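There are 2 protein chains.
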Amino acid sequence: MNSINQILSQITPLDEQVMKNVSKHVDQLTKPIGALGRIEELAIQLAGITRKERPTVNKPAIVVCAGDHGIVEEGVSAYPQEVTKLMIQNFIVGRAAINVLGKQIGATVTVVDVGVNGELDHPSLVKKKVKNGTNNFFTEAAMSEQEAVKAIEAGMEVAQSLIKQGHELIIIGEMGIGNTTASSALIAAYTKVAVQDVVGCGTGLNADEHQHKIAIIEEALRRRNINEASALHVLACVGGLEIAAMAGILLQASANRTPVIVDGFISTAAALVAYELCPAIKDYLIISHQSVEPGHKAVFEYLNKKPLLSLDLRLGEGTGAALAYPLLDAATRILTEMATFADLGIEKKKEATESTM
Amino acid sequence: MNSINQILSQITPLDEQVMKNVSKHVDQLTKPIGALGRIEELAIQLAGITRKERPTVNKPAIVVCAGDHGIVEEGVSAYPQEVTKLMIQNFIVGRAAINVLGKQIGATVTVVDVGVNGELDHPSLVKKKVKNGTNNFFTEAAMSEQEAVKAIEAGMEVAQSLIKQGHELIIIGEMGIGNTTASSALIAAYTKVAVQDVVGCGTGLNADEHQHKIAIIEEALRRRNINEASALHVLACVGGLEIAAMAGILLQASANRTPVIVDGFISTAAALVAYELCPAIKDYLIISHQSVEPGHKAVFEYLNKKPLLSLDLRLGEGTGAALAYPLLDAATRILTEMATFADLGIEKKKEATESTM
Numbered sequence: 331m332n333s334i335n336q337i338l339s340q341i342t343p344l345d346e347q348v349m350k351n352v353s354k355h356v357d358q359l360t361k362p363i364g365a366l367g368r369i370e371e372l373a374i375q376l377a378g379i380t381r382k383e384r385p386t387v388n389k390p391a392i393v394v395c396a397g398d399h400g401i402v403e404e405g406v407s408a409y410p411q412e413v414t415k416l417m418i419q420n421f422i423v424g425r426a427a428i429n430v431l432g433k434q435i436g437a438t439v440t441v442v443d444v445g446v447n448g449e450l451d452h453p454s455l456v457k458k459k460v461k462n463g464t465n466n467f468f469t470e471a472a473m474s475e476q477e478a479v480k481a482i483e484a485g486m487e488v489a490q491s492l493i494k495q496g497h498e499l500i501i502i503g504e505m506g507i508g509n510t511t512a513s514s515a516l517i518a519a520y521t522k523v524a525v526q527d528v529v530g531c532g533t534g535l536n537a538d539e540h541q542h543k544i545a546i547i548e549e550a551l552r553r554r555n556i557n558e559a560s561a562l563h564v565l566a567c568v569g570g571l572e573i574a575a576m577a578g579i580l581l582q583a584s585a586n587r588t589p590v591i592v593d594g595f596i597s598t599a600a601a602l603v604a605y606e607l608c609p610a611i612k613d614y615l616i617i618s619h620q621s622v623e624p625g626h627k628a629v630f631e632y633l634n635k636k637p638l639l640s641l642d643l644r645l646g647e648g649t650g651a652a653l654a655y656p657l658l659d660a661a662t663r664i665l666t667e668m669a670t671f672a673d674l675g676i677e678k679k680k681e682a683t684e685s686t687m
Numbered sequence: 331m332n333s334i335n336q337i338l339s340q341i342t343p344l345d346e347q348v349m350k351n352v353s354k355h356v357d358q359l360t361k362p363i364g365a366l367g368r369i370e371e372l373a374i375q376l377a378g379i380t381r382k383e384r385p386t387v388n389k390p391a392i393v394v395c396a397g398d399h400g401i402v403e404e405g406v407s408a409y410p411q412e413v414t415k416l417m418i419q420n421f422i423v424g425r426a427a428i429n430v431l432g433k434q435i436g437a438t439v440t441v442v443d444v445g446v447n448g449e450l451d452h453p454s455l456v457k458k459k460v461k462n463g464t465n466n467f468f469t470e471a472a473m474s475e476q477e478a479v480k481a482i483e484a485g486m487e488v489a490q491s492l493i494k495q496g497h498e499l500i501i502i503g504e505m506g507i508g509n510t511t512a513s514s515a516l517i518a519a520y521t522k523v524a525v526q527d528v529v530g531c532g533t534g535l536n537a538d539e540h541q542h543k544i545a546i547i548e549e550a551l552r553r554r555n556i557n558e559a560s561a562l563h564v565l566a567c568v569g570g571l572e573i574a575a576m577a578g579i580l581l582q583a584s585a586n587r588t589p590v591i592v593d594g595f596i597s598t599a600a601a602l603v604a605y606e607l608c609p610a611i612k613d614y615l616i617i618s619h620q621s622v623e624p625g626h627k628a629v630f631e632y633l634n635k636k637p638l639l640s641l642d643l644r645l646g647e648g649t650g651a652a653l654a655y656p657l658l659d660a661a662t663r664i665l666t667e668m669a670t671f672a673d674l675g676i677e678k679k680k681e682a683t684e685s686t687m
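Chains A and B are the protein sequences, given in the same order. Under our numbering, read the first sequence as residues 331 to 687, first letter to last. Under our numbering, read the second sequence as residues 331 to 687, first letter to last.
In isolation and in its complexed conformation, chain A is listed as follows:
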């Protein structure tokens, strides 16, 4: 816990002065004021995170955190637990969606075993296993607080190592059969939104299965007797090892002024864990997309955040974040490559309504 407390104290508010300077520069570029919308906002946010007036996001690194979930014993998932391991093999041979989208944006893909149930061995797999999957949180806490801390620290170590290697941006993604259930439970516990408004029907669950998933989470939350005042306690009660690790990445990267793109529903649950541990992280959060899970919206409202994309994705792995990366890249490029009105010899006009100037 010491290492986590140390990191929390290093996460300071975004640099207002740098953001003001960049905002002024953006308004001098050859376009109407605000015409690049959220791309401009991203440029300013990236400047605030990195404390650089001309930030770059070169060498993006994707981290897929993997962990299993004891709660699958309750029949909440359409896939068997073995699929976690099979998908990890798919990541390692480079043929999953995240590999394809990672290659497209020139990103490395690091797979971290934080808590997969069973042995996995491959030279390119980062082994940080805390335990063989969480406990079934319907019958006992998913993990101890010590285990939750270990999983957060695993993420911190991975982030630290990637940043040292010169990666200027990290994408967090995950793999773990059962992890929408853990994420839904975390979101309901932290935001106090009703479980039935967090858990989705998806395309795979019929009405009965959907109701079953809701009932399991509701009863589990009752049984765990959760003290919401302790962010770590909630995480240990109903969270996931890979979720904890992603929170650790967010915390470490933010302390190091390195931007992170949050992926979908499960990654956003991790962002919520990081926020509950350290509210200052809110302004650092860049959420890539709106997933189809209804609980995702609950977190956006709770954190007052707006995702960049809305493409009906529900894959995880970091795929939505990888798809959003070019928007951040674009944001940094406009700051250095566009001409200003002064360059063109045009006196800047008042804010214009015309779409093309």
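Take every hint as true, because none was put in to throw you off.
The list that follows gives simulated cross-link-like pairs (lysine-lysine, DSSO-like), each with its CA atoms no further than 30 Å apart:
1. B:K433 with A:K389
2. A:K627 with B:K635
3. B:K433 with A:K636
4. A:K389 with A:K612
5. B:K350 with B:K636
6. A:K382 with A:K612
Residues from chain A that face chain B, not an exhaustive set, calculated with beta carbons under 10 Å:
7. T360
8. R368
9. E370
10. V413
11. M417
12. G424
13. L431
14. R644
15. E647
16. A660
17. I664
18. M668
No lab work stands behind these hints, which were simulated from the structure alone. Every value quoted in this text rests on a predicted model; they were computed, and no experiment measured them. All C-beta atoms, glycine included, are put in the ideal place defined by N, C-alpha and C.
Guided by the hints, dock chain B onto chain A, whose structure is given.
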């Protein structure tokens, strides 16, 4: 008009069989059914357009069509007409937003003068000037039908030439002070949505200026005595030369089975012109983003189309389409680079609701 009629007959429905085959392949990839949402839809649409089961969108070409608008005499724009020429110089020296975003995606940028008011000369400028800007459509038709045809043909020639050079995808963008006014008039005329629901306040016009813009368009539409049954007549009455050229690009590219990404409000008005000339083009349309102009939504509803992005953009030039390009690139890559469940030795499960499988 002969060349246009010839092209219209070459635009045939998307290839249903190819789309079915690709859809089947997408469902065998290592992800839950439908988990890549609109990326999967794009993959299938691109297959239908190109008639290829493994389409590619290499060597994207951005075309910025430029033209001036006589209607600016009525005080509908926050920028003076000279800005069109100055921005073209900015495009040519490569320092406008579209150059930056074009470079990011490895696209060429072609600037076409279809109707800029005044002389422009540069070896890299494509000269297809039909006239020195449209007439003020408050007092007379913006152009003759012959001029509208010439402008459409200009776009067709540019598209033909780019496709011959091996560009597998075209992005249409524009520059022309006053062209949101022409676009709003076109959209109101074609869709019959009330002018006041099409014209936006933007950030530059105060309430009075906004009302003035609405009043000018309403009165102009009355005076032009428009026969909505003739798509070409509407275009000639209140359209723009660069808008006609973009419609020409869409028609020619679709006939050649080459996908086009439509940019923002003005490009979408051009897509609407193309649709009114040739309804079969609807399934070819890929609209990059939802602009802040309210009239944009009216067209989406009219065409039953959904833009890919919503980033509060209102710049034009093709910038929104350039930002959307990586999504199309991703769509083609998943078709060739992802493993199938059979590759992994997993029997495919029923549709799953879990976000990560």
